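Peer 1: In case you want the letters, here they are:
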Amino acid sequence: GAVVSQHPSWVICKSGTSVKIECRSLDFQATTMFWYRQFPKQSLMLMATSNEGSKATYEQGVEKDKFLINHASLTLSTLTVTSAHPEDSSFYICSAPDLGDEQFFGPGTRLTVL
Amino acid sequence: AQSVTQPDIHITVSEGASLELRCNYSYGATPYLFWYVQSPGQGLQLLLKYFSGDTLVQGIKGFEAEFKRSQSSFNLRKPSVHWSDAAEYFCAVGAPGSARQLTFGSGTQLTVLP
Chain D
1 GAVVSQHPSW
11 VICKSGTSVK
21 IECRSLDFQA
31 TTMFWYRQFP
41 KQSLMLMATS
51 NEGSKATYEQ
61 GVEKDKFLIN
71 HASLTLSTLT
81 VTSAHPEDSS
91 FYICSAPDLG
101 DEQFFGPGTR
111 LTVL
Chain G
115 AQSVTQPDIH
125 ITVSEGASLE
135 LRCNYSYGAT
145 PYLFWYVQSP
155 GQGLQLLLKY
165 FSGDTLVQGI
175 KGFEAEFKRS
185 QSSFNLRKPS
195 VHWSDAAEYF
205 CAVGAPGSAR
215 QLTFGSGTQL
225 TVLP
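Residue numbers (the numbering used here), protein chains in the order written: chain D, 1 to 114; chain G, 115 to 228.
Because the hints were derived from the structure by calculation, they are not lab data. Since the structure is predicted, the reported quantities are computational estimates derived from the model, not experimental observations. Do not rely on the hints blindly, as some may be mistaken.
[As the list claims (entries may be wrong)] Capping the alpha-carbon separation at 25 Å, the derived lysine-lysine pairs in DSS-like fashion look like this:
# : chain 1 : residue 1 : chain 2 : residue 2
1 : D       : K55       : D       : K41
2 : D       : K55       : D       : K14
3 : D       : K66       : D       : K14
4 : G       : K163      : D       : K41
5 : D       : K20       : D       : K64
6 : G       : K175      : D       : K41
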C-alpha cells in the first residue's frame, strides 16, 4: 500500500517558538492532505484540509494564523505551529488519499511544548 | 452533520475469546465506513472498509465487520483475539462517493488478558 511519512516523529520546544511538521506521500501524489490533532486517550479531530496550489481549508475553531499549512508540492504538506504554547502539545497526524480515495495515515508527530 | 458513536470506551477480553466492537453512525445516506487500529504512539492502520455491496466485509488480521443499515451500525468482530490485538480501535465514516474527509468515533481501547 501507499506510504505517508511524517517528520519529525517527536519534538520538544520552548513556549513561544514555532515548530514545523512535514507530511510526505512517498510513492503517490496527493493534491489533498488532511491534518488531525489527537489528545491523549481521545479521537482524531480534523484540523484542516491542505490543498496543493491553493489555501488550506480550516475546520471551525482552528486558528489559521496559529496553524499555518503549506502544500508545497504534490507530495509534501507542512504544518507550522506558530508561537507554540503548552496547550498546543498534542499528537499531530496527517493523511493523504490515493486515487482510490483510500486514506493513508502518517505515523504521527508528538509535540511537547515546555 | 455526520457523527460516529463508539459506545464502549474500554473493553477487556481474554486471549482466544471472541470480540465485538460497536459502532453506530448518523448520516443522511449510507456513508463509507471504516475501521482503523492504532497502536501506542503510532499512526492509524486500516483494518477494513465498506463502500457498498456485501454487508459482511473481511479485513486484515482476521477482523470482519457487518454493515446493518436498519441499525445504522458497523460493528467489528474477531472470533479469537490475540494478545497483539491490544490497541485503540477507531470507527470512521466518510461522505458517500468520497473517502477523503473522515469523521472518527471516540475510539475503543482493547485490553487482552493472557
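Peer 1: Hint by hint, note whether the structure agrees.
Peer 2: Here is how each hint holds up against the structure:
As the CA atoms of D/K55 and D/K41 are separated by approximately 31 Å, the hinted pair breaks the 25 Å bound. At most 25 Å may separate the alpha-carbon atoms for a hinted pair to count; D/K55 and D/K14 exceed this at roughly 28 Å. Pair hint D/K66 plus D/K14 holds up; C-alpha atoms about 16 Å apart against a cutoff of 25 Å. Proposed proximity of G/K163 and D/K41 is supported: the alpha carbons are some 23 Å apart, at most 25 Å.
Our distance criterion of 25 Å between C-alpha atoms is met by D/K20 and D/K64, whose separation comes to about 14 Å. Proximity of G/K175 to D/K41 is assessed by CA-CA distance (about 23 Å); at most 25 Å being required, the pair is judged to hold.
Violated hints, in rising order: 1 and 2; the structure is consistent with all others.
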